[in-house]
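Spelled out from the first residue to the last, the chains are:
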Amino acid sequence: MKILIVDDSMTSRMLFKAYMPKDGQHELFEATALPDALEKMREMRPELVVLDYNMPEYNGVEMAQAMLGAGLKAKFVLLTANTQRTVVDSALAVGFIQVVEKPVNAVKIAALLAQVA
Amino acid sequence: MELDELERDALRELANVGLSRAATQLSELLNDHIEMTVPLVQVVPYDQVTQALQLDPHAMVAAVWQSFSGQSEGTSILMFPSEDSKRLVRALVGPSMLGAGEDDLRGIEHEAMMEIGNIIITSGMAVIADMLGQEVRMSLPGYMEGNLPDIMEQRNRDNAGREMQAIIMFTHLKAAQREIEGRMVMLMSVDSVQVLFDRLHKLLRSL
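For the protein sequence lines, the chains are U and B, in the order given.
Per our numbering, the first sequence starts with residue 1, numbered consecutively.
Per our numbering, the second sequence starts with residue 1, numbered consecutively.
Keep in mind that the hints were calculated from the coordinates and are not lab data.
One or more hints might be untrue.
Derived DEER-like restraints, expressed as beta-carbon distance ranges [claimed, not checked]:
1) Lys108(U) to Pro149(B): 38 to 46 Å
2) Leu3(B) to Lys17(U): 40 to 48 Å
3) Glu43(U) to Ser69(B): 49 to 57 Å
4) Asp104(B) to Lys73(U): 26 to 34 Å
5) Leu105(B) to Leu68(U): 21 to 29 Å
6) Leu140(B) to Leu68(U): 35 to 43 Å
7) Gln115(U) to Leu140(B): 40 to 48 Å
8) Glu5(B) to Met44(U): 22 to 30 Å
9) Gln25(U) to Ile180(B): 42 to 50 Å
This structure is a prediction, so every number in the text was calculated from the model and none was measured.
Ideal Cβ positions, reconstructed from N, Cα and C, are used throughout, including at glycine.
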């Protein structure tokens, strides 16, 4: 599966990558901000887009809205430690399939990949 | 202590995850949408901390502090400009203040600020410790108001003769349709900072 992770933090992207199963089944692409993410989506056509919530210019939910607005479709997952009701509801309203709580670990990522497979 | 770009990014990510968790807990307590972000983290020697905090040294600051111990020891101090934080607390706990006299009002404000500060500091510290594989024990919170140099001097009083450093997290808090800029400072001995950074390097090496 092609996966795009969008997070301004290099450490967060590294953590996600480190906990991905090393089974050759997945291809991971990275983006740090909206323009880069839109470009990667057009080029790579990922099936799954994992977005951080807390980013400098647009939050993850706003980015997904922009992607959908540009006609780019994928399964969206929000990655955040801010799992309060208003944040989760705003993600679900846009069509996110899941909210994964930071910090990630191997168990959370395995459960996510099993769900979207 | 010099940090490279990845180390600064890692420290900022730990702080952001910690304070986002705090925002979740605060939102449950206050029944309001809360956002907390950490756009910048700095590490400075104690003698540069007042200047590095970029707050008016004469302005009144409200501070909640808690000592912590474990593999790393020190004091975490959360600071907001006094008037901003009072306005925020009034907006958040306003209904419980109805009918209170001036003294009671001040008491309720202090209690509320200490509770909010306690949640932010404890959640933040717990996540940082967990992600670094450390154990942290927190003291009960204390509250004080004063100007920045007084607050820092009081909290550093027990550290005479020790070389101290401060990890400064510039925080942005959004709640009750208000936005306020604050600072969370981890005041630690150089040795304790080194222990924390050794853990950070271990985490980064494992990725």
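Structure-based check of all given hints:
| no. | hint | result |
| --- | --- | --- |
| 1 | Lys108(U) to Pro149(B): 38 to 46 Å | holds (44 Å) |
| 2 | Leu3(B) to Lys17(U): 40 to 48 Å | violated (22 Å) |
| 3 | Glu43(U) to Ser69(B): 49 to 57 Å | holds (50 Å) |
| 4 | Asp104(B) to Lys73(U): 26 to 34 Å | violated (56 Å) |
| 5 | Leu105(B) to Leu68(U): 21 to 29 Å | violated (48 Å) |
| 6 | Leu140(B) to Leu68(U): 35 to 43 Å | violated (48 Å) |
| 7 | Gln115(U) to Leu140(B): 40 to 48 Å | holds (42 Å) |
| 8 | Glu5(B) to Met44(U): 22 to 30 Å | holds (26 Å) |
| 9 | Gln25(U) to Ile180(B): 42 to 50 Å | holds (46 Å) |
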